[in-house]
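Number of protein chains: 2
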Amino acid sequence: MADEAPFQFLHNEVIQYIYKTAESGETENGRNITRLENMGFRVGQGLIERLTKDTARFKDELDIMKFICKDFWTCVFKKQIDNLRTNHQGIYVLQDNKFRLLSQLSAGNQYMEHAPKYLAFSCGLVRGGLSNLGVKSIVTAEVSVMPACKFQVMIQKM
Amino acid sequence: MADEAPFQFLHNEVIQYIYKTAESGETENGRNITRLENMGFRVGQGLIERLTKDTARFKDELDIMKFICKDFWTCVFKKQIDNLRTNHQGIYVLQDNKFRLLSQLSAGNQYMEHAPKYLAFSCGLVRGGLSNLGVKSIVTAEVSVMPACKFQVMIQKM
Chain D
1 MADEAPFQFL HNEVIQYIYK TAESGETENG RNITRLENMG FRVGQGLIER
51 LTKDTARFKD ELDIMKFICK DFWTCVFKKQ IDNLRTNHQG IYVLQDNKFR
101 LLSQLSAGNQ YMEHAPKYLA FSCGLVRGGL SNLGVKSIVT AEVSVMPACK
151 FQVMIQKM
Chain X
1 MADEAPFQFL HNEVIQYIYK TAESGETENG RNITRLENMG FRVGQGLIER
51 LTKDTARFKD ELDIMKFICK DFWTCVFKKQ IDNLRTNHQG IYVLQDNKFR
101 LLSQLSAGNQ YMEHAPKYLA FSCGLVRGGL SNLGVKSIVT AEVSVMPACK
151 FQVMIQKM
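Same order as they appear, the protein sequences are chains D and X. The first sequence begins at 1 in the numbering used here and counts up by one. The second sequence begins at 1 in the numbering used here and counts up by one.
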């Protein structure tokens, strides 16, 4: 329980710092999301490099996605992705039924509007991890009922 | 090894973000250090609250310091402080012979000037942890040989 706490608390502080130092307004909110996403991207790049140092070569895209759902997710969030689905045409949906970075937020609907800023970093995390494995992607996230959430990965064919 | 990696990478990104968004210059460097220290303070406050939830009451100041050196340090850095000394008059020196947030830096002297920004967050961490246990302090850090470092805690009598 306390294992991932330093990361969680730091993540919260980063969100607060970015939002506090920036100007307010619609455009700025978008920019803050991008900042968080970029930060996640670089962390994801670094992490995947360390995690795959001694792993065998990946067979295919699905094999890579499974690695993200298991090893990568466990490293950051101390649990695996609960469900992975794909249309076999480059779209993957990763469902986490108890996403750690949302578990501090109350489940009320009034907090739903804050969800995007708690998800941006992790979208970047996945995109960065995949990018370092040679897979270019667009990653988005949505919350249906807190603290469950879905990450949608769209692979960009090169 | 990979266990504390997400925290480490995020910590590095935070330093880079803070230094990148701020203006350059002497004063600004001081301000960035303060920002990092404050961020650490709040993370320390949150962490200690979670860690001490089910612990027995502390006997005295030394007992608190031991908790910081063992449980608190292990939670964040996956190792204990290697050496704790005190003059029994409110000064404590915590030595970590292989401080994780410095272990990515090369040991050359030319990198010594960058050490303060890698230590500020952790100084705040200790100060925040102590503060939530009712101990007001000033925490500074110094590096003699990388990646070993010493944190000096001066208790402020109230």
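Simulated from the structure, these hints should not be mistaken for lab results. Be careful, since some hints might not be right.
The list treats identical chains as one, so a pair stands whether inside a single copy or across any two.
What the hints assert, rightly or not - For lysine-lysine, the following DSS-like pairs were computed, each having C-alpha atoms within a straight-line distance of at most 25 Å:
id : residue 1 : residue 2
1  : Lys53     : Lys78
2  : Lys53     : Lys98
3  : Lys98     : Lys20
4  : Lys157    : Lys98
5  : Lys117    : Lys20
6  : Lys136    : Lys150
7  : Lys59     : Lys70
8  : Lys66     : Lys53
9  : Lys53     : Lys117
10 : Lys20     : Lys59
11 : Lys70     : Lys20
12 : Lys79     : Lys53
13 : Lys78     : Lys157
Hint check results:
1. Lys53 to Lys78: Both ways: Lys53 and Lys78 sit 20 Å apart in one copy and 21 Å across, limit 25 Å.
2. Lys53 to Lys98: between (29 Å within a copy, 22 Å between copies)
3. Lys98 to Lys20: neither (28 Å within a copy, 34 Å between copies)
4. Lys157 to Lys98: For Lys157 and Lys98, the Cα distance exceeds 25 Å both inside one copy (31 Å) and across copies (44 Å).
5. Lys117 to Lys20: both (13 Å within a copy, 21 Å between copies)
6. Lys136 to Lys150: within (19 Å within a copy, 43 Å between copies)
7. Lys59 to Lys70: within (16 Å within a copy, 43 Å between copies)
8. Lys66 to Lys53: For Lys66 and Lys53, only the intra-copy Cα distance (17 Å) is at most 25 Å; the inter-copy one is 36 Å.
9. Lys53 to Lys117: Result: close neither inside a copy nor across copies, 31 Å intra and 28 Å inter.
10. Lys20 to Lys59: neither (44 Å within a copy, 39 Å between copies)
11. Lys70 to Lys20: neither (34 Å within a copy, 33 Å between copies)
12. Lys79 to Lys53: Classified as both: same-chain Cα gap 21 Å, cross-chain 23 Å, threshold 25 Å.
13. Lys78 to Lys157: neither (31 Å within a copy, 40 Å between copies)
Of the hints listed earlier, those the structure fails to meet are numbers 3, 4, 9, 10, 11 and 13, in rising order.
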